[in-house]
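Visitor: Those sequence lines, one after another, are chains P and H. Just so we're aligned: the first sequence equals residues 1 to 147 in this note's numbering. Just so we're aligned: the second sequence equals residues 1 to 287 in this note's numbering.
The hints are simulated quantities; they were obtained by calculation from the structure and are not laboratory data.
To be clear about the criterion: a stretch of chain P counts as covered by chain H if any three or more of its residues have a C-beta under 8 Å from a C-beta of chain H, and this derived list gives those stretches:
1. 16-26
2. 72-84
To list a few chain P residues with every Cβ distance to chain H over 12 Å, as calculated:
3. ARG6
4. ILE11
5. SER48
6. TRP61
7. GLY97
8. THR99
Cβ atoms here follow ideal geometry from the backbone N, Cα and C, with glycine treated the same way.
Take a look at the letters that make up each chain.
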Amino acid sequence: MPYPARLQAVIDMFAMFDTADRTNMLLGYADQFREVPPDVATRPFARSHQIPQCESDAYAWALRQPDGTLKLWFAVENPSGVSAKALAAILDKTLSGLTPAEIAQVDSSIVEKLFRQNISMGKGMGLMSMVEAVRALARAAEKPPAG
Amino acid sequence: MTDIADRGYAHPEVLVSTAWVEQHLNDPGIRLIESNEDTLLYASGHIPGAVHVDWTSDLNDQIRRDYITRAGFEALMSRIGATKDTTVVFYGDKNNWWACYAFWVFQLFGHANAKVMDGGRVKWQKENRPLTREVPHYEPTQYVAAERNDATHRAFRDEVMAHVERKGQLVDVRSPEEYAGTRMHMPDYPNEGALRGGHIPGAKSIPWAKAIDPEDGTFKPADELRRLYCDENALSPAEPTIAYCRIGERSSHTWFALKYLLGFDNVRNYDGSWTEWGNMVNVPIER
Chain P
1 MPYPARLQAV IDMFAMFDTA DRTNMLLGYA DQFREVPPDV ATRPFARSHQ
51 IPQCESDAYA WALRQPDGTL KLWFAVENPS GVSAKALAAI LDKTLSGLTP
101 AEIAQVDSSI VEKLFRQNIS MGKGMGLMSM VEAVRALARA AEKPPAG
Chain H
1 MTDIADRGYA HPEVLVSTAW VEQHLNDPGI RLIESNEDTL LYASGHIPGA
51 VHVDWTSDLN DQIRRDYITR AGFEALMSRI GATKDTTVVF YGDKNNWWAC
101 YAFWVFQLFG HANAKVMDGG RVKWQKENRP LTREVPHYEP TQYVAAERND
151 ATHRAFRDEV MAHVERKGQL VDVRSPEEYA GTRMHMPDYP NEGALRGGHI
201 PGAKSIPWAK AIDPEDGTFK PADELRRLYC DENALSPAEP TIAYCRIGER
251 SSHTWFALKY LLGFDNVRNY DGSWTEWGNM VNVPIER
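Same shape as in the complex, but just chain H:
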């Protein structure tokens, strides 16, 4: 894979390489954040100095189906010893699904000083870079966050409905079987309760993993991504776009690719996704 700077991304500064991360392991202005689906992985070994942010216990409200509040985000940033000036660098399993999801949640609170380590945990391990089980402790900070702003990066069901009626750009990043309605969940995953199968009318089926080089888990260069999203699926970077999946985790990966790598002006993640749409009464569904 070519250097990140040579891949033609709209915002190459949001991606860093594994080599860059290893060079900055002792940089006090950098906070590495590991976010995984497998909750055992961080404890089994992580990049030295990295903290663990769990998508369920740290980023989600524990009662409502929603994200943490401003106070919750301030407490999280205090716990990991981050200030407004700290550059947070996310990485994790599943080709950075959860890293992108955490990155996305951080953007709801305006912490724009954020990056993703290209290739994630697998690439780091394949390159035999150091891992440790030592959990770092950082001096708690006094982080004052802005109120969570959902408007820019997050889409809600009524907004999605209006978007459908306007025939706006929708990207369904689930598997083709989920899109077609022949499967109600990811292969090898449990059915988490959608009563209907299919997709939101007008959505293009572009599985999230197509943005990834399967060899090393890195993002494909911009010209390949442009061919995928813009040429083959006729998405326009200038048009408002909404991505969705099952609960918003895979689509945050696509949101990241569209917004930062291809420079889509207005792209939002519908985190209600199919577990909401596939259960709502009297909403249109296509198969």
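Looking at chain P on its own, in the form it has when it is part of the complex:
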């Protein structure tokens, strides 16, 4: 199944470059990372939003917008969590504004496509877990409100 258009465009762009350029692009995304604003969540962040297996101590939120789409937010507590910040920025820029159903279809294979040699042993699991956490939030948002 193809990825959403904006995400596919980023993946295609990464595929065109070598390791050094991909590194710079990932750092560029990490620099664009913006933490969850206080009107969405404040410290200490709820454990229910913590991304399991992510050693960068990352959190994710998906807020339903008036048009029915989702806006993704993240927090990365580890100051060295460059990879987590890069992926969070990519997920926000490519998936925010999509419907929960569209976001729920994205799978964690994007991590390898984006990071390739830049993925480390521990990071790989954590980053894939970040994608799965976003999918879980999207699936939860698909369900009608209780009551």
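Position chain H relative to chain P; hints supplied.
Guide: Just chain H now, kept in the frame of chain P:
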């Protein structure tokens, strides 16, 4: 944490503080080397003047499961502009796991003029010391290395087996769950293929991170390390000792602590570690 010189280490000269490194940023006789697990970290910002040495692409043979050859080491040292007289100072993420691993590989080639920055990258960052994304370029050198000598610092499986039969000192530095065989890999890490769980018979379980002060990532003082390794786990500094983990990276950290901080006479790192032992046919395993 007290000054390095006051911690009672056997070889305090192998550790330098973050302050010492900042004072020597422009010292041409010093080459700072950052080695991380996260390959993005160096590019995201490093100590000014530091070069990047990657444990997979720079230190490992790209075909065999082995380390670089003499020619590879000479090429690496040439690339980073180091001579025999250059003092290399390693630092990195994960409380200097990979820094110690790189330090260990450098010792296989006899570059003894080497140190580790205590506390590593995290301590440097916490102290708000300078970082840069500018990659330094050094004039290539003509470095003539000795042939790699594995005998002193490295243990192979047959040697480990003989060591087990002699009931020699073994230190398993993995997590208690990996040691017990209830987990085949580090927490939050992928299973890299060991078919059996457990530990090498007779090994003491002393997770590597116990040597570290969790507050700032520095090594604990010698008396605390001695209590951990010698008193609580009955290891003798005079007896041959082999440390192992999963692929030899965490155990190089323990190797460093035992050899240089506590002065163990004969300590080697079994880099085959559990990914080799846990896959071999008909070798003894304890749980």
